[in-house]
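Enquirer: Just so you know, the protein sequences line up as chains G and Y, in that order.
Residue numbers 4 to 455, in my numbering, belong to the letters of the first sequence in order.
Residue numbers 293 to 376, in my numbering, belong to the letters of the second sequence in order.
Don't read these hints as lab results, they were simulated from the structure.
Heads up, the beta-carbon is just placed ideally off N, CA and C, and yes, glycines get one too.
Hints should not be assumed to be uniformly reliable.
Claimed, not checked - One-sided and incomplete, this derived list gives chain G residues near chain Y with beta-carbon spacing under 8 Å: (1) 6; (2) 7; (3) 8; (4) 11; (5) 12; (6) 13; (7) 15; (8) 17; (9) 69; (10) 213; (11) 328; (12) 364; (13) 391; (14) 451; (15) 453.
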Amino acid sequence: MTKRRYERPVITKHHSGFMNKFGNSPVSVPKTEIDGVAVKKLTEEYGSPLFVISEKQIRQNYKNLFRIFRSRYPKIQMTWSYKTNYLNAVCSVFHNEGAWAEVVSAFEYDRARKLGIRGENIIFNGPDKDENALIRAIEEKAKIHIDHFDELYQIIELAEKMGKQAQVAIRVNMDVGIYPKWDRFGFNYENGEATEALRRIAINKNLKLIGLHTHIGTYMMSTEAYRTGASKLVHLANLLKSQFGLVLDYIDMGGGLPSYNTLKGQYLQAEELLPTLEQYADAITAPFFELNYSSDEMPTLFLENGRVLIDDAGFLITQVLANKRLSDGKRAIIIDGGVNILFTSFWYKHKISPAQQTSVHTENAAIYGPLCMNIDCIREDIVLPTLKKGDQLVVHHVGAYNVTQWMQFITLRPNVVMVMEDGSVELIRKSEDLDYIMSLESIPAKLQTGVK
Amino acid sequence: MAKFSVPSNLAVSESGFLFVPSSGETFTLNEIGSEIFMMLKKGSEDKEIFETVVDSYDIDLYTFEKDFSDFITQLKNHKLIKEL
Chain G
4 MTKRRYERPV ITKHHSGFMN KFGNSPVSVP KTEIDGVAVK KLTEEYGSPL FVISEKQIRQ
64 NYKNLFRIFR SRYPKIQMTW SYKTNYLNAV CSVFHNEGAW AEVVSAFEYD RARKLGIRGE
124 NIIFNGPDKD ENALIRAIEE KAKIHIDHFD ELYQIIELAE KMGKQAQVAI RVNMDVGIYP
184 KWDRFGFNYE NGEATEALRR IAINKNLKLI GLHTHIGTYM MSTEAYRTGA SKLVHLANLL
244 KSQFGLVLDY IDMGGGLPSY NTLKGQYLQA EELLPTLEQY ADAITAPFFE LNYSSDEMPT
304 LFLENGRVLI DDAGFLITQV LANKRLSDGK RAIIIDGGVN ILFTSFWYKH KISPAQQTSV
364 HTENAAIYGP LCMNIDCIRE DIVLPTLKKG DQLVVHHVGA YNVTQWMQFI TLRPNVVMVM
424 EDGSVELIRK SEDLDYIMSL ESIPAKLQTG VK
Chain Y
293 MAKFSVPSNL AVSESGFLFV PSSGETFTLN EIGSEIFMML KKGSEDKEIF ETVVDSYDID
353 LYTFEKDFSD FITQLKNHKL IKEL
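I would like the entire structure built from these sequences, with the hints used as guidance.
Expert: And the structure:
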């Protein structure tokens, strides 16, 4: 006799009253495969938890964003934001599509160089560029975006000593009508610091001012903030031309475009709340046509987007370790992936789907990781079907910041694989092992005795 | 071995709709939840329920015991059963 398919017994209480103004709870559609590869097969081969990156999605995102901007402004150069995800395979897909490298530390600069990116195709941002890194960047004609006066004078000194001309831009911070103001990076526009820095650069023979840069914030939900930012940089560019006859090669509008991840505290889903990429592109490119440049002088528009290009190309497959009831009767699900590898769960309500067919009965639950720490909460409230130990869940939109900000804590960081466009699967970062972790440590001789 | 009592005035339909006339509360049970509740209402003991479910569903005894225990806790919290 064939036995019937089992699911846990469930009872759901009905709540009467006004309908939820935000509509019904989202239905959990199972995510059984990623780009045609079964989730189960992936974890059988590479273990759980497992990060999965889709090459196809990255390329699709890149081409889409490039097309949207290119159809509004002809000179576009995309640069890949290394800090968002600097796995070599991921960077290589972007470079293969034509992106330059945007780095914010010597470590990232060296990574880009090891991948074969020429210095002139590297944007060097960030407040911490040590002397060796600056020497290398000047030597290799990287585009150095100066963050503060101390750095400006250090570059002047180094370039003089080296007898070279550094290729520089400044990062400009400004009031674009958002709160909090991002004024800790770069030179301020409103208080005149930016124009003063530009004046000093313009008159120094060891510096070549080639661009202007701003990055107005992250997960920006307002297109108008970008329009304001672009207008202010255009104003500075016009000033440089009229006062110094200086024509810029590029204006870098940074990144900050949001992905379709919903922030904690947002009632509506990100998809319903966010402007379209076309609206952002309109706001960013429109002010460029106010430049007092001739048509052959028009600068290239640099973009440094990360999150919007990679977030939905990343998935985290996890497994249910246990079901519990909290003191108030609420269901709690413990999974094998914690906040140490899913850093973004601190600010996102990540979409999470079961990876197998499930019942129609759902229950509100909290999802906790395995860390034995109270902070290890992946979702405080999520409606999910009944799940049993060993069932799998797929966390969506995890491609940005997780595999750069993750930390090794009480267990080993997992494998990362990439599903290639042809459907094959490649291991792009293998899980650490205990020997590797311990090889970085040493025990002082006098501590090598004791209880064994 | 545990046995439970279910208030006699509770109405449960075959499709798993449960109505408590005294309070007006309503609940939905999934298929297996509904079957178990019917067995409890008939006065079945836990051992008998375990055997019936393991015989007819694709599930091992230990997993079902865990789920049964969780289900019973929920029914008690909603004051739909009492342990005798």
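Enquirer: Confirm or reject each hint.
Expert: Each hint tested on the structure:
no.: 1; hint: 6; verdict: holds (4 Å)
no.: 2; hint: 7; verdict: holds (5 Å)
no.: 3; hint: 8; verdict: holds (6 Å)
no.: 4; hint: 11; verdict: holds (4 Å)
no.: 5; hint: 12; verdict: holds (4 Å)
no.: 6; hint: 13; verdict: holds (5 Å)
no.: 7; hint: 15; verdict: holds (5 Å)
no.: 8; hint: 17; verdict: holds (5 Å)
no.: 9; hint: 69; verdict: violated (48 Å)
no.: 10; hint: 213; verdict: violated (65 Å)
no.: 11; hint: 328; verdict: holds (6 Å)
no.: 12; hint: 364; verdict: holds (4 Å)
no.: 13; hint: 391; verdict: holds (7 Å)
no.: 14; hint: 451; verdict: violated (45 Å)
no.: 15; hint: 453; verdict: violated (41 Å)
Going down the numbered hints, you'll see the structure goes against 9, 10, 14, 15, while the others check out.
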